[in-house]
Amino acid sequence: MKDRTLNNIIDALSQHENSSAVGVLERVGTNCEDDEVRLLTARALIKRNTAESLTLVIAQAGKGINDLSTNVAMSSINELLGMKNKEVALKILDEVRENHAEESVKETARSVKALMAFS
Amino acid sequence: MEIKRISERIFKTPASRIENHENQTNPFGVSFKGNMITADVFETACPKLAEKAANRGKMWVSAIVGSMNDVNEAISKRLNSAMAFGSRVKENALRLGKYLNETKISINLGGADNFFNLKWPQGSHSVKSLMKMDPEAELEDMLKLAIATRG
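Just so you know, the protein sequences line up as chains H and R, in that order. When you line the first sequence up against our numbering, it's residues 1 to 119, in that order. When you line the second sequence up against our numbering, it's residues 1 to 151, in that order.
There could be a bad hint or two in this list.
For lysine to aspartate or glutamate, the following EDC-like pairs were computed, each having C-alpha atoms within a straight-line distance of at most 16 angstroms [claimed, not checked]: (1) 128/R / 138/R; (2) 106/H / 94/H; (3) 132/R / 11/H; (4) 128/R / 11/H; (5) 106/H / 95/H; (6) 47/H / 17/H; (7) 144/R / 3/H; (8) 144/R / 34/H; (9) 91/H / 52/H; (10) 47/H / 98/H; (11) 86/H / 102/H; (12) 47/H / 87/H; (13) 86/H / 34/H; (14) 113/H / 87/H; (15) 113/H / 98/H; (16) 144/R / 11/H; (17) 113/H / 94/H; (18) 144/R / 26/H; (19) 77/R / 91/R; (20) 132/R / 17/H; (21) 128/R / 17/H; (22) 144/R / 36/H; (23) 144/R / 33/H; (24) 144/R / 35/H; (25) 47/H / 26/H; (26) 86/H / 52/H; (27) 47/H / 79/H.
Restraint ranges, calculated between C-beta atoms of paired labels, are given here [said to hold, decoys possible]: (28) 102/H / 100/R: 40 to 46 angstroms; (29) 129/R / 103/H: 42 to 48 angstroms; (30) 132/R / 31/H: 22 to 28 angstroms; (31) 104/H / 132/R: 36 to 42 angstroms; (32) 148/R / 86/H: 49 to 55 angstroms; (33) 91/R / 69/H: 41 to 47 angstroms; (34) 20/H / 100/R: 56 to 62 angstroms; (35) 78/H / 148/R: 24 to 30 angstroms; (36) 100/R / 106/H: 34 to 40 angstroms; (37) 103/H / 100/R: 20 to 26 angstroms; (38) 95/H / 100/R: 50 to 56 angstroms.
What the hints contain is simulated information worked out from the structure, not anything from laboratory work. Yeah, the Cβ is synthetic: ideal placement off N, Cα and C, and Gly gets one too.
Pulled out of the complex, with its shape left as it was, chain H reads as follows (with noise of 0.2 angstroms):
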């Protein structure tokens, strides 16, 4: 199975008018043990650009900018750092450093803040 084509599929999902897809990047995607899949999952929530799909990549533990390889969470944070319309990735970022229950997470998105703040 070429590559491409699971490109494809997950390029698809993140355009996807249905809001369905979101939850099956978060349940195929999110959860994978392959980190290349986990990285273009997470690319591709944040090119989806919706509250749903930027509150996984910066709020769930674990996942997008908080993944545990670093290789996934720096690609996530580039991708964040690369967007047009930052307006709904601060607004979840400030959320997220506040109101987190782990202090992990909190400066992961305090550092990302700041690193948007400069781009």
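Mind docking chain R on chain H? Use the hints.
For chain R alone, kept in the frame of chain H given last:
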């Protein structure tokens, strides 16, 4: 006066009865009925019986020693065969380990790839065509299979 007469008078023993044995082994001068007793003259009353007893004893001892030797031999044989078996098992295990290390195993996933293409033909793999499919009904299964079969 002769010494013999002197001893006769002292011990009141007739000299004629005193028999001097050369090489006698009776330093204390023990006598029986006037005869000096020596260790050399002791004889068994039943020589044949004594001989039989001695022979029987020898037979018992030789039987015991023989059986001990047999037991030792049997134990040694069993130990040797157990050791040989253990060595064979060890050799087989080492050979198997070497074979597994040297053998490359490859799994052909061509079957799964063909199944994917049969169910979702090549033309339907573009982003545009995939976006027309239902996410939960179709795209979820496609995504799972694509992840499982990626090379």
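Going through the hints against the structure:
1. 128/R / 138/R: Holds, at about 14 angstroms.
2. 106/H / 94/H: holds, 9 angstroms
3. 132/R / 11/H: holds, 13 angstroms
4. 128/R / 11/H: holds, 10 angstroms
5. 106/H / 95/H: holds, 9 angstroms
6. 47/H / 17/H: holds, 13 angstroms
7. 144/R / 3/H: Given that 16 angstroms is the threshold and the Cα spacing comes to 13 angstroms, the pair holds.
8. 144/R / 34/H: holds, 12 angstroms
9. 91/H / 52/H: Within the cut-off at roughly 12 angstroms; holds.
10. 47/H / 98/H: violated, 25 angstroms
11. 86/H / 102/H: violated, 24 angstroms
12. 47/H / 87/H: With Cα atoms ~13 angstroms apart, residue 47/H and residue 87/H stay inside 16 angstroms; holds.
13. 86/H / 34/H: Violated - the C-alpha atoms of residue 34/H and residue 86/H are around 28 angstroms apart, more than 16 angstroms.
14. 113/H / 87/H: holds, 11 angstroms
15. 113/H / 98/H: holds, 12 angstroms
16. 144/R / 11/H: holds, 15 angstroms
17. 113/H / 94/H: holds, 8 angstroms
18. 144/R / 26/H: holds, 12 angstroms
19. 77/R / 91/R: At roughly 21 angstroms apart (the allowed maximum being 16 angstroms), residue 91/R and residue 77/R break the hint.
20. 132/R / 17/H: Roughly 9 angstroms separates the two Cα atoms, so the pair holds.
21. 128/R / 17/H: holds, 12 angstroms
22. 144/R / 36/H: Cα-Cα ~14 angstroms, so holds.
23. 144/R / 33/H: holds, 12 angstroms
24. 144/R / 35/H: holds, 15 angstroms
25. 47/H / 26/H: holds, 14 angstroms
26. 86/H / 52/H: Given pair residue 86/H, residue 52/H holds - Cα atoms ~14 angstroms apart, limit 16 angstroms.
27. 47/H / 79/H: Measuring from Cα to Cα gives roughly 8 angstroms; hence the hint holds.
28. 102/H / 100/R: 40 to 46 angstroms: Distance hint for residue 102/H, residue 100/R holds at roughly 44 angstroms.
29. 129/R / 103/H: 42 to 48 angstroms: holds, 45 angstroms
30. 132/R / 31/H: 22 to 28 angstroms: Because 26 angstroms falls inside the window, the suggested range holds.
31. 104/H / 132/R: 36 to 42 angstroms: holds, 41 angstroms
32. 148/R / 86/H: 49 to 55 angstroms: Check failed, 36 angstroms falls outside 49 to 55 angstroms.
33. 91/R / 69/H: 41 to 47 angstroms: holds, 44 angstroms
34. 20/H / 100/R: 56 to 62 angstroms: violated, 46 angstroms
35. 78/H / 148/R: 24 to 30 angstroms: The hinted range 24 to 30 angstroms holds for residue 78/H and residue 148/R, with Cβ atoms some 28 angstroms apart.
36. 100/R / 106/H: 34 to 40 angstroms: violated, 49 angstroms
37. 103/H / 100/R: 20 to 26 angstroms: Because 47 angstroms falls outside the window, the suggested range is violated.
38. 95/H / 100/R: 50 to 56 angstroms: Roughly 54 angstroms apart at Cβ, these two residues keep to the hinted range, so it holds.
Violated hints, listed in ascending order, are 10, 11, 13, 19, 32, 34, 36 and 37; each of the other numbered hints is respected by the structure.
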